[in-house]
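S.K.: Chains A and B, in that order, give the protein sequences.
Everything in the first sequence is counted per numbering that gives the first Met the number 0, starting at 0 for the first residue and increasing by one.
Everything in the second sequence is counted per numbering that gives the first Met the number 0, starting at 0 for the first residue and increasing by one.
None of these hints come from the bench; they were simulated from the model.
Each hint should be verified, as a subset may be incorrect.
Identical copies carry no separate label here, and so any pair may be met within one copy or between two of them.
As a list, the in silico EDC-like pairs of lysine to aspartate or glutamate whose alpha-carbon atoms are at most 20 Å apart [as the list claims (entries may be wrong)]:
1. Lys192 <-> Glu127
2. Lys143 <-> Glu79
3. Lys143 <-> Asp83
4. Lys192 <-> Glu168
5. Lys192 <-> Glu29
6. Lys192 <-> Asp52
7. Lys192 <-> Asp167
8. Lys143 <-> Glu57
Protein chains: 2
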Amino acid sequence: MQIAIVVFDRFTALDAVGPYETLGRLPGSETVFVAERRGPVRTDTGNLAVTADRTLAEVPHPDIVVVAGGPGQTPQMENEVLLDWLRTADATSTWTTSVCTGSLLLAGAGLLRGRRATSHWLAVGHLESFGAVPTAERVVTDGKYVTAAGVSAGIDMGLTLLGRIAGDEHAQGVQLAVEYDPQPPYDSGSPRKAPAHLVERFRSRSRFALS
Amino acid sequence: MQIAIVVFDRFTALDAVGPYETLGRLPGSETVFVAERRGPVRTDTGNLAVTADRTLAEVPHPDIVVVAGGPGQTPQMENEVLLDWLRTADATSTWTTSVCTGSLLLAGAGLLRGRRATSHWLAVGHLESFGAVPTAERVVTDGKYVTAAGVSAGIDMGLTLLGRIAGDEHAQGVQLAVEYDPQPPYDSGSPRKAPAHLVERFRSRSRFALS
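Isolated chain A (complex conformation) (with noise of 0.2 Å):
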């Protein structure tokens, strides 16, 4: 199977990586980083470059898509070679997936029509406007489609999708492998366990915030 992750200037780098680490430890694939043009691709803080090995129009049917999101989404929602490439690879692809605000462009490109699907929390209500269901849950699977909540929730999908695909024993040999024993310092990580203020004071500053 080859698994392809998208990314594109100024992603989020756990969004992509999280997936990498887990379903990209399935037996037999070949996982490759891909973007609109070979090379370097920074991610939002500027701190960060992954490579992309493969442009987009190279790797033209896997099997399996894992779109990232993070603040660079928004002008991807008018590119239409990476909008044309989702609805190409999709017509093909086994499963198609998205992690955080990756699941805008699948929307945006027109896939989630009706669909369950979720985002990063701040934006899982936009959906909507492209047709689709807003989930707010972790990882959301309607089919063939499984979009997961923010940054690190691509972990939990990469797992739950390497359980479906290669079953529960090998999943659970990886969850081993990367130590994913949770025990995060604070019980903060998500707007109905963090400080109100706190939830509140993203909403007001976020691109996404809803009037």
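We have chain A already, so just place chain B on it with the hints.
M.R.: Below, chain B without anything else, positioned relative to chain A:
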């Protein structure tokens, strides 16, 4: 504050990206990926390269040192350029940290003698041969030395250290921003929780197998 994330050929991507995505959001900080040479550095799977923007020599005195681990750690134990750099950087650092088998590099540089430290669960016992005190916890702090267990534990370490430096509220905000509300589909992330036969299979195949 300058945060130097040290990578090398065949490091594990998430080891580096976990702290980058959390600790790297320290206000007023500069995060830089460093390696012996500038340019793309391939991870353990061969399917991903991240760019080292600066050489070790160009970043002699970071405030925070973060050393990744991964299969490529073993040959680095003989790399005097890296070990010397670690000793020099540690002499002036505020915090010296590692993820996964990165702690073996700190230990190999002589920096963890008499210190409690952790590592990937398959490797943690080997810290003893360098005079450290192996401690099977997810994040271990001893003085200015903060070590994390395998791969994904760098996220928890990053948030922990971020809270220490920037305060709990800032760290909680970063946890919310990266939506770190883990919901793994299995409970198999540590040798104490995973199916025993999987643990044994890893132990029997590991280069770190303790005889």
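S.K.: Which numbered conditions among the earlier hints are violated in the structure presented, ordered from lowest to highest?
M.R.: Per hint list: 1, 2, 5, 6, 8 violated.
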